[in-house]
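Protein chains in written order, with my numbering: chain A, 1 to 373; chain B, 1 to 275; chain C, 1 to 298.
If you're looking for bench data, these hints aren't it; they were derived computationally from the structure. Note that the Cβ used here is the ideal one computed from N, Cα and C, for glycine as well. Take the hints with a grain of salt, since some may be wrong.
With beta-carbon atoms standing in for the labels, derived distance ranges [said to hold, decoys possible]: (1) Ala197(C) - Val72(B): 33 to 43 Å; (2) Pro191(B) - Ala197(C): 46 to 56 Å; (3) Pro191(B) - Leu281(C): 47 to 57 Å; (4) Thr44(B) - Ile287(C): 33 to 43 Å.
Straight-line C-alpha distance at most 20 Å; calculated SDA-like pairs for lysine to any residue [as the list claims (entries may be wrong)]: (5) Lys129(B) - Asn266(C); (6) Lys74(A) - Leu88(B); (7) Lys130(A) - Arg97(B); (8) Lys101(A) - Glu53(A); (9) Lys199(C) - Trp76(C); (10) Lys12(C) - Leu88(B); (11) Lys129(B) - Asp192(C); (12) Lys102(A) - Lys116(A); (13) Lys12(C) - Leu195(A); (14) Lys101(A) - Gly73(A); (15) Lys260(C) - Lys12(C); (16) Lys129(B) - Lys12(C); (17) Lys12(C) - Arg97(B); (18) Lys129(B) - Trp76(C); (19) Lys167(A) - Asn208(A).
A short list of chain C residues far from chain A (calculated; beta carbon distances all over 10 Å) [said to hold, decoys possible]: (20) Leu6; (21) Pro8; (22) Leu9.
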Amino acid sequence: MTDVILDQVEKRFGSFTAVHCLDLHIKSGEFVALLGPSGCGKTTTLRMLAGLEFPTSGDIRIGERTVNDVPPGKRDIAMVFQSYALYPHMTVEQNIAYPLKKRGVPLAERGAMVSKVAELLQLDELKDRKPKQLSGGQQQRVALGRALVRDPKVFLLDEPLSNLDAKLRAYMRAELIELHARLGRTMVYVTHDQLEAMTMADRIAIMNEGRLQQLGTPDEVYNCPANRFVAGFIGQPSMNIADGTLDETARFRAGSFEIGLDPERFDTRPGPVALGLRPEAISIGAGPIAARVRVVEPTGHENIIILETDGLGALTARTAVQVRPTVGETVQCGIDADALHLFDGADGRRRNRDDSMVTQTPVGERAKVKESQ
Amino acid sequence: MKMSRRILFNVIAWGLVLAVAFPLFWMIVTSLKPGFELFRRPPTMLPETVTFEHYWRLLSETPFLLYFRNSVILASATTVVVVGIGTLGAYSLVRFRYRGRESLAFLVLFTYLLPSVVLIIPLYLFMVKLGLSNTITSLVIAYTTFALPYALWLLRSFMAGIPEDLESAALVDGASRLGAFRDVILPQLLPGIISTALFTFILAWNEYLYALVLVNSDGARPLTTGVMTMLISAFNIEWSLLMAASVMMSVPLIIVFAFLQSYLTRGFGAGAVKG
Amino acid sequence: MATADLSPLERKYARLGIVLIGPTVLVFCAVIVYPLISAIYLSLFSIYTPTLEGEWVGLSNYAELLAKGEFWSSLWTNIIWTVGTLTLQILFGVGMALILHQNMIFRSLARSLILFPYFVSTVVAVLVWRWLFNDLYGILNHFVMWTGASDMPVDWLGSMPNALLSVILVGAWKYFPFVVIATLARLQTIPDSLYEAAKIDGAGPIARFFDVTLPQLRDVLVVIIMLRAIWDFKEFDLIYLLTGGGPVTSTQTIPLLVYKEAFALNQMGMASAYAVVMMALMLVFMILYIRRTQENEL
């Protein structure tokens, strides 16, 4: 069992706190993505797992062991760096063999192990090249090979795909998913790209300003965002969030817009709140809200439409290709009352009551379902 | 029009470059002229007869070779000591965190700018007390006062240019700190070390003041003070001989310039100006 | 950073760091810190060099030197030398850098030739220049008389103000390559797009120099000026070897004065006092420079 556990881990650099009291339990064999904007503490967290930074307080456990004082090389982890960090003066083969050499694997065995990995990653032809003579994608594969070669318990990946072009990135995503399935090792993957996190990870840990915002499956973080930050961060285009107030009769008001909320489903204590609506929860054509069309962005398989409304301000809607209003036109639109998210006005916490009601639709299907409504 | 302006520019530019280089050209020309031609008026721009007699006399009749040997030992020893200590020190200053590191970096920069004349009197007394005066060792010790801060400063910026991820990767791959230093950092630092060594060597090779004060016997005297003694002690100044000595003294420099110039420019970029 | 916060591994690393810096610290203490402190200490004594015997005189060395005309005249010479040679170095250095930045034939050879004076030993530079300055057979005097600027050979080093001007000139020749290389390195990093944008906006070559090149060079020039000012101020070899401070004391700067007091007049305590005062004067520039570098690093 190689669970990875962060127990009340905190990291301060002088007076700056990079990571606040982080509790995170990553199960053995799980693929967890640490997701967040830059400076959110995700890379610091990963580097603490690797032993390259040290927690100011709290414990880090890998498997059964508390590793706070175990140097990186003895933690049985491998890491892939954003910059790949290939040793420039060594050939591909020497790069991949380096972790074996440092672990005292006899020379004879090294060759075979390196060959196996090189074959797996289609690097056989390149074994005698220096990193400088490789393309970005090839360098990336060498970095991966160096991590794979000694079969560690835990893989740590720090934005490994961010320096690749879009096409290669999509390809490598699939490769990594496959690799994870085959190896069954625990993987911790740092990224700022929600698409990577959503498509690859079993669970996503979303961080902001050094704090864990939510830990959940891609579906959970999409459908039941724990707070306003997660709601706004996950989803492309992002969720429409309108500030307003709830009165004693559980009616939400924002300017001229108002809607009654079901106290069964929401915590409807009166006060300032924010109402969240995914773009796919807005339908154009019929409905109570009058909106002026500001921008129409056709993407080929759907249209993204930015609307201007009185009460809710600017709204982004996602519609089927057929729905294509002209810019400047005033349209009527409706909202899907089942898909409302309510957040506390003060601390941003989610105030939906019954989250099990949210349909657990696979990520890719979501848009289609809404379109057909 | 455009062509003629280009030609004019080239003529002016090269005219200036040659004017700057003229003293060095004149040094070589003078060293090759026979004695009688030296005092010709007007002077001949190129020697009518080329002679190497001055070089021959320099090597056979003067202690030049002894001075040269001293300078080689002195500059090499200084370079080895300073680059050795400096490499470890720079690694520590850039890649480790401990109390007092910042103030140490400050001290390095401060001493880098410190005038030699402030240190020279105490150092002189120090060497006398240790019985080291008139030895090459005393000069090596004295030269570290300016060469070590200089080398540290250069190496520090070379070291800072090596991506930290490389060392991190080596640590994750199972190396100890010192193992990572040997396997990954040192090979990456090598060009920086070479360039620092060259600068240090040149600095030590050219130093004059300490040599003047601390050494007063031919056995330990380096070229700088040695050649000046030849000037002072001569009954009448033999310019050709002195110019031959100057040329010979610049030979290591010329070698560096011819083969290792890229390291010189690299060093300039790293420490001298970015500072 | 308080040591109490560190984990054992972190503390182990810190210890290794201290071990690695150890030799440096040791050498620094032995050859720099200790002599520096003893220089200040010595300046409170009156010491006769040959016997090295001394007696405590307190601050009277300082009182004496501040009252002495020689100190003030040396300081004045020192300032003229520094300002004069630095100005020439900057003007000529920046100009030459601009030229070498253009497309000229055999550019790399030209660069090597320009760089050479900086790397050549001061002893060599001085010998060559003394030969050039030679009153009877020096080529400079031949040139002066050939052009008819003067019908008498010029006494370049033996009379004033020629001696000071000559020293300043040779100093500029020896050290301007530093300015060239530093400026050139900066010039090469100015993006072409800036010049293209200026061209599109209708700037001619002169306007482009003042509006694009110069502002981009400003930072590096400030650093160069500070660094060279410090180095020029403490220059000993070049002046000592060219004129020895003469004629009489008219090219004598403070470093030369220190040397003379200590090893010609055999007054080590007094010499130390001069050195300490000189360092105090330089401290202002040094701190300015160090401040600036540290700012840039953060």
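Hint by hint, work out which the structure violates, then give me just those numbers in ascending order. 1, 2, 3, 4, 6, 7, 8, 9, 11, 13, 15, 16, 18, 19, 20, 21 and 22
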